[in-house]
Structures are given as structure tokens and as C-alpha cells.
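Number of protein chains: 2
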Amino acid sequence: MTKATKVFRPEDVPESNATGYPEPYRAMNMMRHARRIGEFGGLTNFGVNLVRIEPGGQSSARHAHLKQDEVVLILDGDITLETNEGEQIVTPGTYITFPAGTGDAHRFVNKTEKDVVFLVVGDKTREDVVTYPDIDMHGVGGADGIFRYYRKDGTLY
Amino acid sequence: MTKATKVFRPEDVPESNATGYPEPYRAMNMMRHARRIGEFGGLTNFGVNLVRIEPGGQSSARHAHLKQDEVVLILDGDITLETNEGEQIVTPGTYITFPAGTGDAHRFVNKTEKDVVFLVVGDKTREDVVTYPDIDMHGVGGADGIFRYYRKDGTLY
Numbered sequence: 001m002t003k004a005t006k007v008f009r010p011e012d013v014p015e016s017n018a019t020g021y022p023e024p025y026r027a028m029n030m031m032r033h034a035r036r037i038g039e040f041g042g043l044t045n046f047g048v049n050l051v052r053i054e055p056g057g058q059s060s061a062r063h064a065h066l067k068q069d070e071v072v073l074i075l076d077g078d079i080t081l082e083t084n085e086g087e088q089i090v091t092p093g094t095y096i097t098f099p100a101g102t103g104d105a106h107r108f109v110n111k112t113e114k115d116v117v118f119l120v121v122g123d124k125t126r127e128d129v130v131t132y133p134d135i136d137m138h139g140v141g142g143a144d145g146i147f148r149y150y151r152k153d154g155t156l157y
Numbered sequence: 001m002t003k004a005t006k007v008f009r010p011e012d013v014p015e016s017n018a019t020g021y022p023e024p025y026r027a028m029n030m031m032r033h034a035r036r037i038g039e040f041g042g043l044t045n046f047g048v049n050l051v052r053i054e055p056g057g058q059s060s061a062r063h064a065h066l067k068q069d070e071v072v073l074i075l076d077g078d079i080t081l082e083t084n085e086g087e088q089i090v091t092p093g094t095y096i097t098f099p100a101g102t103g104d105a106h107r108f109v110n111k112t113e114k115d116v117v118f119l120v121v122g123d124k125t126r127e128d129v130v131t132y133p134d135i136d137m138h139g140v141g142g143a144d145g146i147f148r149y150y151r152k153d154g155t156l157y
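If you're matching them up, the sequences are chains C and Z in order.
For the first sequence, the numbering used here assigns the number 1 to the initial residue and increments by one for each residue that follows.
For the second sequence, the numbering used here assigns the number 1 to the initial residue and increments by one for each residue that follows.
Identical chains blur together in the list; that is why a pair holds if it fits in one copy or across any two.
Keeping only pairs whose Cα atoms sit at most 30 Å apart, straight-line, the calculated BS3-like set for lysine-lysine is:
id, residue 1, residue 2
1, K111, K6
2, K152, K67
3, K124, K67
4, K6, K124
5, K6, K152
In short, the hints are calculated from the structure, not lab data.
So here's chain C without its partners, still in its complex pose (with noise of 0.2 Å):
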């Protein structure tokens, strides 16, 4: 009870470039850096991500939520935002909003020298489907909670 609001830092929670991706996605996955914040917090409605990506790195591969919101916000560095209109690059103080179901796709690159970190929160809907039009992927959330990556053929990874 009396320990419930917790109070900390960034540097109190851990780091890890793990990623859900299957082969070969999975080594471009890794220079993103997450600390998750909202699980360390003790929060289980909504996600809340502190990640920080090399140089060279991305956030995901490109992908759009059917169901799950996301919201950005440039913490910072400077960073190419590809959505499927293009590209263009965001700074510290900017946010970045991605509505479910839209089907706009979108990835963080950094193309820059240094490491870039942004603040990112998502919901838990169940049920999600993200799709990803750059690669042989398709991922969904089944009803029993678990998130499984498909191939475009159906076949699972």
C-alpha cells in the first residue's frame, strides 16, 4: 500500500536491446536500447518505454498497430521519422502520434553520429494485428495474451 508510488530515475531501471523479432530481423533490432519504465513502475494497463538507438540503429522495422495506439516524444538527438509518406526528421520536444487501425506505417532510423533517445508509450489491447510492409513479416496478438510473428504466407516463425 504505502509502497505503491514509486519514484526514480532513468539510470535505476534496466537496459536491453532484446528483441521479439525472429531471424533475419533480428540483428537490426538491436542497436535499440529499452528501459522500461512503466513495468518497472509497477504499471500493467499501458506500456511506457525509454529507448535509446545507435547510431546505424531503428526503433522496429517499419509497422502499423490495427488496435494500439503509440505516442513518441523526442527526448534527445535528432531522428528520421519514415511513415508511409516518406521521410523527415524529428527533434527534442517533438511528438509523434500514431492512431490505430490507420495503417500508416512507421519506423525511427538514426542517421546520425550519436545515440538518440525518445520516450514512447503504448496500449495492451488485446487482439492487435501489426503489420509490416517493408518485410516478410506479420505479427499478432493472440486472444490468449501471447504475440506470435507470422511469415506473409501464413507460416509461423
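Given the coordinates of chain C, work out where chain Z should sit on it, guided by the hints.
Using the frame of chain C, we list chain Z on its own:
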């Protein structure tokens, strides 16, 4: 479709000190100015607000949510966090998490002479109950999605 992703700066978003609080609790809540980042960006699954608190102002009355999680990131200025445990000053870069259902009630009070700015994210789980230990107020989210304020004797404000 192609306009789905939204890229913007805080100053693009209108700022408002509107409050749903009933009298006599309205005035103390109106030194809080919020920019509705999530709504502006087309998000519906959770709320994202950039909040500015004037000197002497508060974020809200001290409260605890039954069902909704909340997280705050301090962006500018030092502010006093009050919880069941007492008070402490939190500074830029600090994260504060308020998991649902713990009963640990919180508010932020600006005891400095300059504005404080923070980001707050909370989900929109329905039928939430909000308890206010310090004032004669009790908030209930209806199954109809409408949030109502009651006195502690159960009468509607």
C-alpha cells in the same frame, strides 16, 4: 490514411485550465494548464497531457485511482509530490508511477516561484473510482463513460 501520423510541437496544441471539479474546489485547480497531446494527435486509448503548473498551483486534489494507471515525467522545474507517505521534491528527468488500486493518493504542488512542466499519461479504463482523502469529493466513472463527482455522503455535486 496518409494523414494518420501526426508530428507536432507542444505550442501547436491549445492550452486550457478548464477543470471538471465542482465548487468549492475549482479555483485551486485552475493554476494547472494542460495541453491535450493525445487527443490532438488522434489517440483514443489513453490520455497524454503536457501540464504546466503556476507557482502556488496543484496538479489536482490528492487522489488515488482504483482502475487507472498513471505515470508522470518531470520536464522543467522542481515540484513537490505529496502521497500517503508525506512529501518530496521531484526534479526534471524523474519518473513517478501511480499503479491503479493501491490507495496511495497523490498530487503535485508547485511551491517554487517559476512554472513547472510535466508530462502525464493515464489510461481510460471505464468504471474507475477516484478517492480524495483530503476533501469532500468522490469520483465515479459510470458504465456510460461519464465521470461524476459526489460528496462523501453519496449526493451528486
